[in-house]
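Participant: Listed below, chain by chain, are the residues.
There are 2 protein chains.
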Amino acid sequence: MLPFDIVEYQSRLKKTKQRMEEKGIEVLLISDPANMNYLTGYDAWSFYVHQMLVIIIDQPQPIWIGRYMDANGARAKTWIYEENVIAYPDYYVNSSTHHPMEFIAEILKEIGQGNRRIGVEMDNYYFSAKAFVRLQQNLPNAEFLDADLLVNWVRIEKSDQEIEYMKRAAKIAEKAMFNGAESIRPGVRECDTAAQIYYHMVSGTEEYGGDYPAIVPFLPTGENTAIPHLTWSERQFEAGETVTIELAGCYKRYHVPLARTVAIGNPPEKVISLTSYVVEAVNEVLLSIKPGITCGEVDDIWKQCMKKHGIIKESRLGYSVGLNYPPDWGEHTASLRSGDATILKPNMTFHMIPALWFDHYGIELSETIRITEKGCETLTNYPRELIRKDPFMPQPQDGIIS
Amino acid sequence: MLPFDIVEYQSRLKKTKQRMEEKGIEVLLISDPANMNYLTGYDAWSFYVHQMLVIIIDQPQPIWIGRYMDANGARAKTWIYEENVIAYPDYYVNSSTHHPMEFIAEILKEIGQGNRRIGVEMDNYYFSAKAFVRLQQNLPNAEFLDADLLVNWVRIEKSDQEIEYMKRAAKIAEKAMFNGAESIRPGVRECDTAAQIYYHMVSGTEEYGGDYPAIVPFLPTGENTAIPHLTWSERQFEAGETVTIELAGCYKRYHVPLARTVAIGNPPEKVISLTSYVVEAVNEVLLSIKPGITCGEVDDIWKQCMKKHGIIKESRLGYSVGLNYPPDWGEHTASLRSGDATILKPNMTFHMIPALWFDHYGIELSETIRITEKGCETLTNYPRELIRKDPFMPQPQDGIIS
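Protein chains in written order, with our numbering: chain W, 1197 to 1598; chain R, 1197 to 1598.
Do not rely on the hints blindly, as some may be mistaken.
Stated by the list, open to error - Some chain R residues near chain W, calculated using beta-carbon distances under 10 Å:
#: 1; residue: 1229
#: 2; residue: 1269
#: 3; residue: 1337
#: 4; residue: 1341
#: 5; residue: 1344
#: 6; residue: 1387
#: 7; residue: 1394
#: 8; residue: 1404
#: 9; residue: 1431
#: 10; residue: 1435
#: 11; residue: 1507
#: 12; residue: 1511
#: 13; residue: 1551
Hints listed in this document are in silico derivations from the structure and should not be mistaken for laboratory results. Keep in mind it's a predicted model, so treat the numbers as computed, not measured. Beta carbons: idealized from backbone N, C-alpha and C, even for Gly.
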């Protein structure tokens, strides 16, 4: 029932404990739902309330502590022993008088962990400032250490099974991109194209059901292509506009993002030339990537390619990607960014997104790559070009195009 | 272009400043994307990196501070003056050496706000433990106060325009529920039903385009109906199973959640009787709700109704709902929970979710309500009953049913 073999979970736990040992952490409190999933298989949208996975350096079993109504899920859908699933009552939820971290601190004291060196994920979305303050107040004998990204760094090298899931996610990404782009024509509303994309992302392929991506599809249009993180609106596409689509296929929480730019009718010359520079640079970067070079060097190669055309990209070229939950599919570890000293190794996976945003327009054309033994491969197989749509060609049907 | 009149934004800001004054807060730092949207109209999926809206008690204009690539959006899509949009460089993102809060602290000092009484949203997803620590370190002369939920409490009473948007969201919720339930039959995969629901949530109606909900649709099936926050899988529905669907229609970020339970073929007697008790209790609660009573009293009425049948619900009966972003559509203010002293007022809106989860099954049947001048109304109009599906009836088509 679990997506991975118990041996794989045990190996992940072992690597996590090695890092704990290196950092002198005796008890690791995990708030990040991706890290929780990675170590136990737990997969539910319960992270909107406080919950915690507790890894104790000298105990074999993790402990899950969460809301009463979610405990059934932790018992049924993980490899943790039932007695290691501990639930707090519902009056701790959104309460001005009770905070779940008080409960969690109490449990830690009860099981003799209240005076240890405790690692917490300091910059995680699901570990709020108040969560930290309440833990500190209720565990006065503990020493707190920053364990932010500790498990994320274990996640950076994927297993073959993880790569297999990402390849399935890649198929879903291709299908969603194809159908999303197909649906774009003058008079169609942005929300209808977003709906097509969502349908295919979630339905997946005949073999593999899709999962929800950690980020919604973006499809800024016209002047809004200058603004990368806008979501869709009710407005209708118009001839002459460009649309950037950024989406991810997701399979069992593993993401493969993919971005392309769609032109409805003839795009401006600058969009055509910019795309050709980007495609040329992407091709060159893909040929240069191999195990042993650093993430920073990848960005430097890209920068050199674009410099020929006088173009500078302010933002990083990409980031490590894989297992995740909202609000981000990036893993927050290595970035393809000048100066990042992370050395590429086989089965690392990155979303390389050489997007460029100017004042009134932008383009995106991305690839998700896997580092191989000798180089790299793209996980999706999608034409690396501007997608051209004839604005006068009527589309065959209005429903779902599969 | 903004979803609300500038007068409405000004009134929201005024109410926010009144609360700041009551609490002795001179500078309010807003991390919650819903609060940011509420005060400025800013609507983008950029909250996965640190960003902040700064409200200064004695200055008319808020200041937006965020990532460079997102600043165009803050300039184009809010009523804030362009010069009040301040961007930090991309090397602050997911960096081990630079934290955005250092940048934000620097700006606050530069504009003479470094030594004031600063309110922060202590328990918000987007204000991490590290964010708070970095702010404190870099603003040693500031005094920090907990301003968690300060703006959320302003949001609790909706304007007529907000109610209008929720009514549109309600139409979308009805459509998504109808098409989701229609698609369920033996042999259909859970992910295909989730895809139908998503298609209709996002496409919306002909008049109103849908937006992404802050929580994904839930559709636990069979024994999993005991586990409320599971998402869909690839498995196929089987005759004799029940499925609980919980979803929300969303329009311009305003949510109207709706839950129903679907039975494929003849459900167990316990599901039928449980549903009838819940429907009876919901009807009675709806008749009792009126301005002037407290949220706690609403839960007490529900509890009395269910006590007749020997049923106790562990969790709260509901919560305030409206404008939001992932990971929660609840507003984290008032709960329909015994002891909650919040007094009901017209145009408050709640998701009343009398869901019951037992060890091996559960049911959900919810209503989103608006408090009216004399009582309350449900925002959706959906049959308040168990949805019965004939498992042997072939469905008319496999595509999108509109």
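Participant: Each hint needs a verdict: does it hold in this structure or not?
Facilitator: A quick look at each hint next to the structure:
no., hint, result
1, 1229, "9 Å, holds"
2, 1269, "4 Å, holds"
3, 1337, "19 Å, violated"
4, 1341, "12 Å, violated"
5, 1344, "7 Å, holds"
6, 1387, "3 Å, holds"
7, 1394, "4 Å, holds"
8, 1404, "7 Å, holds"
9, 1431, "8 Å, holds"
10, 1435, "20 Å, violated"
11, 1507, "15 Å, violated"
12, 1511, "4 Å, holds"
13, 1551, "9 Å, holds"
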